[in-house]
Amino acid sequence: MELSNPPRNAAPPALEIRGLRKCFARPAVDGLDLRIRAGEFYMLLGPNGAGKTTTLRMVSGLLQPDAGAISVFGIDARTDPLGAKQIMGWLSDEPMIYDKLTPREYLEFVAGLWGVAPALAEERARTLIRWLGLEAQTQERCEGFSRGMRQKVALAGALIHEPKLIILDEPLTGLDAASARLVKNVLAERVRAGNTVIMTTHILEIAERMADRIGVIAHGRLIAEGTLEELRGGSGNGAATLEEMFLAIVERDCKAA
Amino acid sequence: MSHSGSLFWFARHEVRLAWRDMLAMMTAGRPARERMLAAGVIALAALLHLVAFLVLRGTNARGIVPDLQTLIAVSAALLLSASAMLSQAMESATRAFYTRSDLELILASPAPAHKLFAVRIGAMALTVGLMSLLLVGPFVDVMAWRGGWKWLRAYGVIAAVALLATAAAVVLTLALFRSIGPKRTRLAAQVAAALVGGAFVIGLQIAAMFSTGTLSRMAFLRSSFVTARAPGIHSLFWWPARAALGDGWCFLFVLSASVATFLAVTVWAAPRFAGCAMAAGSISREAARSGTKSRSFRPATAAGALRRKEVRLLLRDPWLMSQSLMQLLYLLPPALLLWRSFTFAGNAAAICVPVLIMAAGQLAGGLAWLTISGEDAPDLVSSAPIALSQLLKAKVETVLGAIGLVFFPFVAALAFVSPSHALVAACGIAAAALSSTLIQLWFRSQAKRSQFRRRHTSSRIATFAEAFSSITWAATGAIAAAGSPLAAITALLAIAILSGVRRLAPAGAGSMAAATA
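So the sequences go chain by chain: A and B. For the first sequence, the residue numbers in my numbering are 376 to 632. For the second sequence, the residue numbers in my numbering are 1262 to 1778.
Keep in mind that the hints were calculated from the coordinates and are not lab data. Each statement offered as a hint is correct.
Stretch-level coverage of chain B by chain A, calculated; a stretch enters the list once three of its residues show a Cβ under 8 Å from a Cβ in chain A: (1) 1560-1568; (2) 1571-1577; (3) 1628-1640; (4) 1643-1651.
Please read all numbers here as calculations on a predicted model, not as lab measurements. Glycine residues also receive a C-beta, built at the ideal position from the N, C-alpha and C atoms.
In isolation and in its complexed conformation, chain B is listed as follows (with noise of 0.2 Å):
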């Protein structure tokens, strides 16, 4: 038995919330799923391993040395790794400051708060190395059956990564803490969040946009440009990349350089953390003022007002940005290549058509969850004289009239490169947007704005067919684009799979209030 307030009990603890909250995460809070749960795991890693050995079954796992192409491309992937894990480790150690649950419980009790936030760190770093090892572990496995145990040390080195990662992403998010104050570091930190997570891949297209003139990655990774400007074969840069090739005394330096830094970190963040919190717990009492002082009341019909409340709320969410920013951000490249086409008049507008409608559709769902499913007073709502179709019909013009002022600039862009691709693109985009949007709204469940980021465990279903129809669409789009009429096909698929959506929905949701009585 573990002494009360020790690590090892905070441990036990966390262990317990985390595996519970999973659990109900994936099951829907349906114990009988449990079962089926584990049968689904069991067969994804099935599936994920043969898509591994499918992809690796041309490489010779005892044949690969590691010259300079090799480590470019193994320092490029766990680059990749890094920065998707900072980001992820920022936005936890984010909510850790902000969200209240047991928080003002523990930092009220007698219980050294440090400890507890040690292990939070430490569950921040478990976290984000699961997550990739989740998607790198078959392959390290196909590696080490094929070319022997030595490619196991990639685990450790995903591992050291993780650790690095969410040292980093504590210290920066500290930093910001004590240099913009707790006020502006929950948004601050949400978009450095997205940022940092956006900035290896865009960065790396962009690069590859301008020397090579196409979106390719590897192809840019593969050029003379970077293997000329390239560190030494025997630089102490290649070190990770050389241990997660099998590197003995390589591995041995990154792995305990990792876990000595993660510990130091952790030993002098784990104690400032509570401060913050609580700093950060007087702010949420602390009012944000509006700019709407002597501003009188305007006149609206009903559904004018619910747009007009909307728009706020949506300006106003604290937590859209970096959801949404991500998905933004990665229109960079094509923007780029888009003035880049317009300046060179080469012929890449096809290649934006797709990556817009993909855009709109997966932005949409997001705003529809939020202005639909996400209504904090549906009560007040539903007793309104405005009917069900009215309220729902204004919200679904909210998230549409968003999408079209977010990517109205892109089509415009597109308009002046190729009219028909715009085109294309504009319908495109309207079709992606609208379907996300229908989907959300017949799968709709009275919910928080606060549970957007979990949006996606309230229906398995609605979530793969949001993804499905967005795909579909910018299938679509870029058959169009490229002038074939087999654009038709897809298209229809798509509103398949729109109606068979249609037919799984739930029958009548009913009133915005329904689901909460």
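Next comes chain A alone, as it looks inside the complex (with noise of 0.2 Å):
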């Protein structure tokens, strides 16, 4: 499968895949065509089972898909994986941190992972530590830290490389109010700051409040996708909510299905 050339200086787009595919038992990915530009807060929803996690995995590396093509910023994620590694920042639902490291070990071994310089690594973690309010477990184990915690450290991880594409699964999973909104918030300074994010979620309203632009998945295929204004329009009512909307999509795909 060829991705498309990119018309001469225009900046690559920061994810296209195209004819996606991976199956296990069944297909859990099957032909997904996507394309993400640079600097959007891009918002994957989707149903339980849909293919949001297996496509972000692949993309990420962490999967070989069966077939298709994934390019971050111009680079095929296929032939120079590390390549494109450089450039991603990957958080899972599940949070992945060491029990027995504190979050600055933690944070120094992420970024030794990524060749970042220790000064400029220091600086960086004392930044996120200090946005995402860990000031004060900096020097204890994460053995002991909450859900909330964990995900914070392990997004510290994601982002103390600097990533020009973030990609999230379901980041907020298990997050009190407060931290809710501090990771919000800085997963929105990163955007303003000419990154890219990519994101599932369950919580609709999130995507609703923060999306560019939003893509649905169903049974590994992307059944629709637009700004909130546009999937507004291509459902028939301009006073929907994202979750009448999202709801109305899926029903509509499982009954064509």
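Each of the two chains sits in its own frame; use the hints to bring them together as a complex.
Have a look at this one:
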């Protein structure tokens, strides 16, 4: 599968996916096409088992696709996975941190993995720790941390190398209102700074409030995409909430399937 | 139907969980293997009985008289079992405090938690007793077949030892909890369990070494040094041994005393367990502080960052200590033997070579599992811009570096006694450690570090291959240390084992995260 060539002088999209397929016992991702512009806050929605996580794991290089092409800022993620990984940050729904490391040690380790210079990494770590309200816990090992705190440490790890493309799978699960707001603020700030964020969530109010564009996946395919207004226009109900639109789109797809 | 919350109800719940857990462990979660497992158990029992028959074929089971030498030998065997059981029971008791699993559910429910703990103490006794019976049973059966039913009383004696060892373990663990607090008890109890488990054997070896100049325990037990200092033949001290040899009155006394002690300890300890478990639960929420308060970030390549992380995690692993301490403890007698050889210019250096090689292979296998399979953040390292080969290389380097650090002092000491033996030991240690690490690398499967204790269940082939490889390298070392060219044959055998295992390994285990996807 070939990716489209961008017009001369045009910036490559942050993420371009063509004909992506992954099959486990049944197809999880079934010929998915997706194009996300640089600097966008893109929300990927879909019912449970729709293929959102599988898609993001393939983009992040954690899962090998059966077929299809993935390009991250013009870098072919299948032929140059390390080049693509260098500019991506990944955060899964299950916080992946080491119980026996402190947040500082964790961030030092992650910075080392991405080859960030120690002085710069330390400065970024300090900023992230302050932003995420983890100052009091910097010297404590993560083993006693709540789920929310672990999620914040993992988010700091995903951001310490200042990735151009930030991929987050359900990052707000288990966070209290204050922590969720902190995380949302950090992500919004990253988008303002020109980075691209792709995020899955089941909290549709967040998608409604934060997303530049929304994509809806079901049965491993993209069944709807656009801004909130475009989706409203497509649904024929100008006053509908995202929740109403989402349910209508998914129901329509189920009937069609 | 038992009343919910009763002792029997809890026992039924625990038995069901333990049974399913054991089946899953033995069949690697594949129900189709249950028949194979049953056939395997029957075959193993038959094999053990055959071994027991061959070992005991020259023994006159009816003619054994409880003289002092026999009583010493039987008592030593019982003490050996008791120390192993005590060690195992201490580890189980510690886990009962610190493993959360269903504990919070039960402690939060209105069910009487002390009954659950009473059942769990009973389960500890049953587990440690069964483990010993598995090994001793075939010998008892053969003796009963050839010498009469009175030998079956040995089963009762093993049960009595299991009850006493469990009672002692519970009291010791609770005492540790009370004296040093929940925070330190986990590590202290693990260390104590390892020390207790190895103390008797190692103590005997050390005593044998200083009295007879060898590592032979039997030579020491039969020596005039021991018989001259042993209690008189009619002493109460020999009653457990007499019970094991079939004396009815001694058997009744030993069994009833152990049952009474166990029941008393259970009644006393069960209500206290709940309080301790809650205290242990609160410390897992209480964060440990690191000593790197004001240290700046240090420069490192991706591989360097990985190595540093692995070293930190190995040093901070709470269960690694107990799992590896026993292996290291067994190095104590050869180390003392080395020291003694150095002092008296003896010729025992050759004995140390295989022991060191075997220990290195086993330790490397454990460390390799922790660093390679026990990666708690597989997604993180897989999403980093570092090639899988570089990632695995960094992990292998960490394991081999750790082995080098542990064994360097022993090899250096050996070099003072005999440089040629030191060279053989160094080569053997490197070969055994590398082989074990490669086996773990080929059979890697994503797991949590906390599953370290059960690492052997993830791949039976890897477990046996690791053991065979270490044994073969140890044999090679022993033969080479004796100056025989036959060492080349065993070395080739070790390489053949390794290459055979490589062929059996699953093709391309993929990225660290692949297994979790």
